[in-house]
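Colleague: Sequence:
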Amino acid sequence: MKEILYNFSRVRAKNAQHVLFLTHALAAIPQEVAEARGFAARLTAFATAAANEQECFRPGRAFLDTADIVAADRARDELFYFYNQVIQAYASYHPDAERRKAGATLAFAFREAGNVAKADYASETASLTDLVGTLRSEPYVAALAVLGLDEAPDELEAVNQAFDALFVKRTAEERDRAQSWNMKTLRPLSDAAFDDLAKAINALYISNELVAGDEAIRTELGKVIDDVNAVIVRLKKTMNQGAAGVDPSEDEPGDTTPTPEPEEPEPGGDEGGSPL
Numbered sequence: 001m002k003e004i005l006y007n008f009s010r011v012r013a014k015n016a017q018h019v020l021f022l023t024h025a026l027a028a029i030p031q032e033v034a035e036a037r038g039f040a041a042r043l044t045a046f047a048t049a050a051a052n053e054q055e056c057f058r059p060g061r062a063f064l065d066t067a068d069i070v071a072a073d074r075a076r077d078e079l080f081y082f083y084n085q086v087i088q089a090y091a092s093y094h095p096d097a098e099r100r101k102a103g104a105t106l107a108f109a110f111r112e113a114g115n116v117a118k119a120d121y122a123s124e125t126a127s128l129t130d131l132v133g134t135l136r137s138e139p140y141v142a143a144l145a146v147l148g149l150d151e152a153p154d155e156l157e158a159v160n161q162a163f164d165a166l167f168v169k170r171t172a173e174e175r176d177r178a179q180s181w182n183m184k185t186l187r188p189l190s191d192a193a194f195d196d197l198a199k200a201i202n203a204l205y206i207s208n209e210l211v212a213g214d215e216a217i218r219t220e221l222g223k224v225i226d227d228v229n230a231v232i233v234r235l236k237k238t239m240n241q242g243a244a245g246v247d248p249s250e251d252e253p254g255d256t257t258p259t260p261e262p263e264e265p266e267p268g269g270d271e272g273g274s275p276l
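Quick note: the UniProt record's numbering has the sequence shown finishing at residue 276, numbered continuously throughout.
Hints listed in this document are in silico derivations from the structure and should not be mistaken for laboratory results.
One should not assume that every hint holds.
List of simulated lysine to aspartate or glutamate pairs, EDC-like, C-alpha gap at most 20 angstroms [claimed, not checked]:
#1 Lys2 <-> Asp150
#2 Lys237 <-> Asp227
#3 Lys223 <-> Glu35
With beta-carbon atoms standing in for the labels, derived distance ranges [as the list claims (entries may be wrong)]:
#4 Arg111 <-> Asp150: 16 to 26 angstroms
#5 Glu112 <-> Thr238: 47 to 57 angstroms
#6 Asp227 <-> Ala67: 14 to 24 angstroms
Computed from a predicted structure; not experimentally measured.
Positions of the beta carbon are idealized from the N, C-alpha and C atoms, including for glycine.
Assemble the whole structure, with the sequences as input and the hints as a guide.
Modeller: Following this line, the structure appears as structure tokens:
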């Protein structure tokens, strides 16, 4: 009788292999089948555990580079470039001597700030804050008035503060996630959710075989079981190929014997490395 062969150790799977296993296992179980056969809640629990592990596995920078962060950073970059180029144009090309002088004065402040738009997020925030402070002091206030750019410090400050508020919120979220999530704690949760889901599917399939004999249920759940077992076999082979002296042809479907855990070293012997 068919069953999902969930009872195997995943301890030797590397983090990337484990995440890929979760992704493929989730894809092998259609939502519509789960809803029709009454195990949608367990599928949702597994999907949530898998999503948490996948999120933890991603680099921290990807967490910060969300669309809202990128858009807010682009807004302050573009405003900085706008005022810089306008001021440079006054300093280099304006025919009026007073305005050209005012442009040259302001151009000095922008040169001192450097190419802030190319800096990392935190450095750019600090540089723009310093630039705004400079532009609010003399002789720059007077120079801005000559060019009719009195609003420049306020506008630069507004876009910089808007980015910083968003950035602080996101970095706090990342800190909280880093403190509460790590692969060593999340992998067992994902495995437990997968095992619970597999047990439910197995029970439904066996029940149908022994009692109802519904052909539609047999077909639907049978395909799910076959597809999930194919994912399990791929993971087992991947783990076995990374283990010295293990034949990758082991652990074909039908083998329900759990993969043995590595033996503890004898006292005084060399300690092995982490399986992850």
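Colleague: Against each hint, give a clear statement of whether it holds in the structure.
Modeller: Here is how each hint holds up against the structure:
1. Lys2 <-> Asp150: Given that 20 angstroms is the threshold and the Cα spacing comes to 76 angstroms, the pair is violated.
2. Lys237 <-> Asp227: This hinted pair holds, its Cα atoms lying about 16 angstroms apart.
3. Lys223 <-> Glu35: Distance ~16 angstroms between lysine 223 and glutamate 35 Cα, so the pair holds.
4. Arg111 <-> Asp150: 16 to 26 angstroms: 21 angstroms, holds
5. Glu112 <-> Thr238: 47 to 57 angstroms: 55 angstroms, holds
6. Asp227 <-> Ala67: 14 to 24 angstroms: 34 angstroms, violated
In summary, the structure is inconsistent with hints 1 and 6 from the numbered list given earlier, while agreeing with the others.
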